[in-house]
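Enquirer: Protein chains in written order, with my numbering: chain A, 2 to 236; chain B, 5 to 290; chain C, 10 to 338; chain D, 184 to 458; chain E, 51 to 409.
These are computed hints drawn from the structure, not numbers from a lab.
A portion of the hints provided could be inaccurate.
[As the list claims (entries may be wrong)] Listed next, the in silico SDA-like pairs over lysine to any residue satisfying Cα-Cα at most 20 angstroms (straight line): (1) Lys-96(A) with Leu-162(B); (2) Lys-272(D) with Gly-206(C); (3) Lys-320(E) with Trp-118(B); (4) Lys-246(E) with Leu-162(B); (5) Lys-370(E) with Thr-97(E); (6) Lys-37(B) with Ser-93(B); (7) Lys-235(D) with Asp-209(C).
Keep in mind that this is a model prediction, so the values were computed, not measured.
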Amino acid sequence: MLEVRNLSVRYGAFTALHGINMNVQDGEIVVLLGANGAGKSSLFRTLSGLQRPSGGDAVYNGQPITLGRPERCVTLGVAQCPEGRMLFPQLSVEKNLRLGAYTHRRDSAGNQSELERMYALFPILAEKRNDPAGSLSGGQQQMVAIGRALMARPKLLLLDEPSLGLAPLVVDQVFEAVQRVNAAGVSVLLAEQNAFAALGIAHRAYVLEGGNVTIEGSRDELLHDDRVRSAYLGV
Amino acid sequence: MIIFFQQLLNALALGGAYSLVALGLTLVYGVMKIPNFAHGGLYMVGAYITWALLTSLGVPYFLALGLSAIVLGLLAVLLERVVFYPLRSAPHIHPMIAALGVLFFLEAGVQLVWGPDFKLLNSPITGIVDWGGVTITQQRLLIIVASVIIMGALYWFLKRTTTGATIEAMAQNREGARLVGIPVSRVASLTFFISGALAAIAATLYAPTSLVSPSMGEVMNLKVFAIIVLGGMGSVPGAIVGALLLAFAETFGGVFVGANFADVVGFAVLVIVLAIRPQGLFRRTA
Amino acid sequence: MSLPTPRATLKGWPWLLVFVLAALVPLLVGKNGYVYDVAINVMIFAIAAYGMNVMLGYAGLLPLAHAGFFGIGAYTVGILMLKVGWSFWLAWPIAVAVCAVLGLLLGLVAFRTRDDVFAIFTLGVGVIITQVINKWDALTGGNDGLNGISAPKLGSIDFGKSASFYYLALLALAVTIFLVARVRSSLFGRSLIAIRGGEDLARSAGINVYTHKLRVMMLSTALAGFAGGLYAIYVGFLGAAITGPVTTFTILLYLLVGGVGTLAGPLLGTLIIRVLQQFMQGLADYQYVVFGPMLVLLVLFFPAGLTGLWARLRPPKAPVLKEISDAGV
Amino acid sequence: MLAYEDVGIRFGGNQAVQGVTGSITPGIITAIIGPNGAGKSTFFNLLSGFYKPTSGRIIFEGQDITRLPTHEVVALGIARTFQTTTIYKELSALENAVLGHRVRTKSGLWDALLGTGRERREGKASLDAAYTALKRVGLEQQAHVLAGNLTQEAQKRVSIALALATNPKILLLDEPAAGINPEETVNLTRTIRELAAGGLTVVLIEHKMSMIMTLADHIMVLHHGQKIAEGSPAQVSRDPAVIEAYLGGHAAPHVREELKADLEQEAARLGSQHA
Amino acid sequence: KVVNIGYSGPLSGGAASYGKDCQSGLQMAIDEINAAGGVTVKGEKVTFNLVSLDDRYLPNETATNVKRLTSQGISTIFVPHAGGILTVQPLTTKDPNFLLVAYSSEPKILEANNPLTFMLPPRYDNYLQPFVKQEITTFGKKLGMVGTTSAYGKAWADAVSGEWKKQGGTVGTDNGVDYGTTVDYSSAVTKALSEKPDVLFIGGPSQPTALVVKAAREQGFKGGFIVMDQAKFEQMNQVVPMSYLNGAVGVLPVAQFPGTQVFVNQYSRKYKKIPTSEAALNYMGVNIVVSAMVAAGTTDDATAIRAKLASAAASLPRGKTIFKINGVTPAGHVDATVLAAYVKDGAFTSLRLPASLLK
Ligand SMILES: Nc1ncnc2c1ncn2[C@@H]1O[C@H](COP(=O)(O)OP(=O)(O)OP(=O)(O)O)[C@@H](O)[C@H]1O
Ligand SMILES: Nc1ncnc2c1ncn2[C@@H]1O[C@H](COP(=O)(O)OP(=O)(O)OP(=O)(O)O)[C@@H](O)[C@H]1O
Ligand SMILES: CC(C)C[C@H](N)C(=O)O
Ligand SMILES: [Mg+2]
Ligand SMILES: [Mg+2]
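Excised from the complex, chain A in its bound form (with noise of 0.2 angstroms):
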């Protein structure tokens, strides 16, 4: 379980998150709703480790994860499919992907289960395996980013907007598997502009405005609240 502890990120003087509480439980895929700039993003990196708060903590499974050091972060079970992508645009595809199983580098027959899942999920990037990551398209170094993200075999994933830049099929297809991996017992945190798609497959959500967080609720609340339906569902 992921227990968010009146966490607050500054860049400077500014302040980007202002002591936020929030939690994801075990088997749980919970959305992140937010304007651009609320602070999904710096969320997101603090609690992979990249970014080290200014107030407040987060642990997982009790074990505390916004050190700054995202190594940890990912030994714990803790995976991030960064806003960005971040891949190695001159190592092939299957390099990435291998990567992404860096903290299981001794077990190299469950990665290779693990990269034939990938290449299931994402069929294009099988017949890409051996080309350099940075001369795919958009959408599919998207897919490549999110593969990278999985072959850590995360117990609990960080998406930060995965659907960006990808055709709507993909994006069904994204959400798919996201359901897919939760059903295999994956907790997921989702950020999303997509709030239809995310909030489909949610369990539960938050919305972060400014740095705070807004509302929160289970799917069903955010879906009929009229707020979240006039800023974030366009209705």
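Could you slot chains B, C, D and E with the ligands onto chain A? The hints should help.
Expert: Here is chains B, C, D and E with the ligands on its own, set in the frame of chain A:
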């Protein structure tokens, strides 16, 4: 004909020496995007460390080679930690200037400690091989053989091992590497360790055929930079081919246009190659 | 059309002040040849640093053949004066033109490459220039160098005298800064900054990246030659060593210390480093043991150079477009 | 206006675009859709002169522009934005737009050095053009803000302003709404429609179907580098090949109609608010 | 009173070793004078202090240093490289005047006819005739060329070629290399040896010169060497065994001159290395200048000091004399007996130069 084969051997030995120095540089430059102008300095310090081990401690040559490699590896790690790590997201020329500062420091420091005079580094391998008038010292043969082995090993390490892949991954996206759990600072240290150790090995192998002096690194610096650019930055086979190309250009260019112009020939080759293949010989076009 | 009202710009006055003060310096130092010498060297190399700055600071290209062009300018003046018997006042502009043309020729080839490769490519060219100067005995005197280039006279002013030369260098520097400032605020200069920010984007904005690069290369090498010409008559002796990579890196250092891409940086950096080096001569053998780490500390703690430090000390200001209409200083 | 005949490009062994023939109709909004990696961005790169096709020709207003360098293509009146927001983050929004107008000015190094009248005139003209462009994308209030400090959506607008400042006849927009939330997407949609209404020919790539369906007059579908369909939104969204390759369930007409109604309503509401 | 003596030479970079060698001679002379309580100039007790500035072998830095030194009131300045010397020569007579003590064997320095230059080493052209004679008679008529490509080296190479031909030999193609930047001499040596020469002309800084010898011997060369005066046998011998040097002709090592034992011993004790003529001549230079100051009764009037150099040199006390010295020529050049060495069976035999050649 004898002269041709003699020059061929000369070029191979020189190319071997160049490639040993260039490999460490290409690793750091190509892989971590740091134009480490201090590399020549590390090479020079490597020679001095070996020399000191041999003369004042009486350590046997091959042991000194190993020890010197370790010392220089650690020195390079220190350099990375103290200088380059804090500059990891600074614009390109910053690490370059810092590296120049380090080069100044190393050169002046060595001069202060050991004086400006030339030193001799004696290797136990002193024989000369004579193939019907074509001669080569065994030390030079050792350089040729060692460079081939080290190049092969390095290539295998980068392309075939997970640790090698982490080095490349980190070079291409540091945050991405952290995100998948690669301990980037350890990998950076490792990269620098390898580069420092290679510099010391190169110096220890090559110095017996030459001299040890504080400015020996400067002379090497320009050449090895030319080499790795010639070969394509970060490319291990490129560094080797670049080294051989420069060595052959200097050796045979010296034969045809006069030894006087050997240095010009080397850089002329660089300029011509880059004018035709702006990305270097071995780099894929982006 | 709601254009912002053009701000009454006072930007030029600090420079005016600097130059007025500099012009008064001789009244203070009297006949101390050493002070003049340091000052004159600072000004000559600052001009060269401005030449590098238009490339590196504005267009984002690192020209490592810079000292080569400095040398070509110096040798052109030296050769024309010694071997052809021309007056300096004729030789100097010719030297500048020669450098510009050679810069253009180099650019035609060098701009096939980009980024680091461009830097190393030009480094190679720089080495070749030095070697050619060093080896072309008949023209350049080879290793002997050219000796006995004398400072010119203009009417009753003898530039062989330190004070007169000081004013000549000061004038040359002022002209350089004035022109560079104009370039910086011009449409051309803005386009260079666009190229530095991203070539693809510059292209998509319709900027002809190649010709812009060629022009700025010419400006850069011309300034190097301008400084070189002055150097030739000042030192009176030319040797190939001054045209090599070490000089290039020294100039780069001045630029970096002062602040790349700023108007004051090249002058400030050259001044600080050269004066500092004079002080550090007192450290004798420890000179570079101290100087090396100082460089490291500098880039670690003042990454934007000294002008960057200045900017940091002042309260941040919202970026306001300097009006194009009042281009110039 | 802009016609392409049998254009294709191959990268090594990968035929990214292949045998695409057709033309862009002036004055309307054309959308290009297709799966990831279909070659849409590559096709833009071909039209805008960033890539040189390995086969085929591109004709703009009767002139063969296939081999023209990018800046000349821009000068003829084709402007583009990039898929990942590409602007000068360290410059202000206004300065970005000023750079966009550079293609319409002639002042060079000599004008700069001599401070010519042309330099002054063109400097003024650039500023005017830049303001106009910022106005058209609704950024006049943020003219002096550092572009990097703007929101994601405003940055997208800066990139459009930069392109507009080149005085283009055709504007190519590569995923202008990627990474932008629904509310702002609606705003952006409105801006684009206004641009088209002003007589500009717009071609855009987008994966947000709601946006495409409300905006596009004409849609072209790429798949594996080839054109697999072309026509009105209604035609295309009914095309089985398109549904199969791209839309999946998103083609279901009722969803589309619903969204379209919602968005139009929203646009109207916002429009009245802003007016 | 403490009088400052100036020195501008390469103290860092590739030529630092050379610059330090020169500096050590100056320092040693000054230390000795001071230890002896200084000298009396016009009734005043005077001791000395060496002010050294680094010019990295760059002429313009030499000029800056000289201006700095003169502005501090220093009127005797030692410079050990031709480029720097030629650059600052015109400054000697400009206000303020100073005495330029030149350590370089470049004849051009004398040709400038500068009234305030004092040149220490013998002109290199002294060596040509005896060197060539020795080698051509011992080994044969074919000369191979692997000199250094510095100005000085090229001038030497030309001169030696001319002399060789004059004495009836043939000269091979020029394979000069830059001894400062060359990493490996094998190629140049291979090329020179392919013409089967009897004798090789070599020489630059001592240690690289020794590497050329090494490369030649390793490639089976059995002939002799003409070694340019810049290279010193005593330093070459630290790089290659004496046996490699058999058949070579060059400058006689300082220690081999008659009467240098005291200096050599003291120097070796102080600096832990063998003195070469860099140290020895600069050491003598200081002593001559100081004697001239005493004789002239001034420490800062360069013209007056210069006028007394000849007598000071001629009457230099035995203890301060390293090389036998006859005086100073009107052109400002030390007039000393020049001795060369021929290496035979691992030992130096001195080769006296005919007196007629001394100019
Ligand atoms: N490194 C940084 N330095 C300064 N400010 C930052 C930095 N990273 C983010 N910010 C600011 O923090 C705020 C929150 O940013 P964040 O990226 O977390 O938002 P987001 O919700 O992910 O937005 P988006 O939907 O655009 O991805 C924004 O105003 C942003 O400008
Ligand atoms: N410079 C390049 N070098 C090699 N291959 C490339 C290059 N640019 C694009 N490709 C390849 O061309 C194909 C088309 O890429 P493109 O970027 O045009 O797709 P796209 O339709 O824009 O996709 P998306 O919607 O995901 O952005 C991809 O398979 C990609 O890997
Ligand atoms: C042999 C030496 C006295 C020559 C000296 N190196 C010079 O530059 O002139
Ligand atoms: Mg985000
Ligand atoms: Mg695309």
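Enquirer: State for each hint whether it applies.
Expert: For each hint, the structure was consulted:
1. Proximity of Lys-96(A) to Leu-162(B) is assessed by CA-CA distance (about 12 angstroms); at most 20 angstroms being required, the pair is judged to hold.
2. The straight-line distance between the Cα atoms of Lys-272(D) and Gly-206(C) is roughly 9 angstroms, inside the 20 angstroms bound, and the hint therefore holds.
3. Distance restraint check for Lys-320(E) and Trp-118(B): the Cα-Cα separation of roughly 16 angstroms lies within the 20 angstroms cut-off, and the hinted pair is therefore satisfied.
4. For the hint pairing Lys-246(E) with Leu-162(B), the CA-to-CA distance comes to about 48 angstroms; that exceeds 20 angstroms, so the pair is violated.
5. For the hint linking Lys-370(E) to Thr-97(E), the alpha-carbon distance of about 17 angstroms falls within 20 angstroms, and the restraint holds.
6. Of the pairs offered as hints, the one joining Lys-37(B) and Ser-93(B) holds, with about 11 angstroms between alpha carbons and a cut-off of 20 angstroms not exceeded.
7. A distance of roughly 14 angstroms separates the Cα atoms of Lys-235(D) and Asp-209(C); the hinted pair therefore holds under the 20 angstroms criterion.
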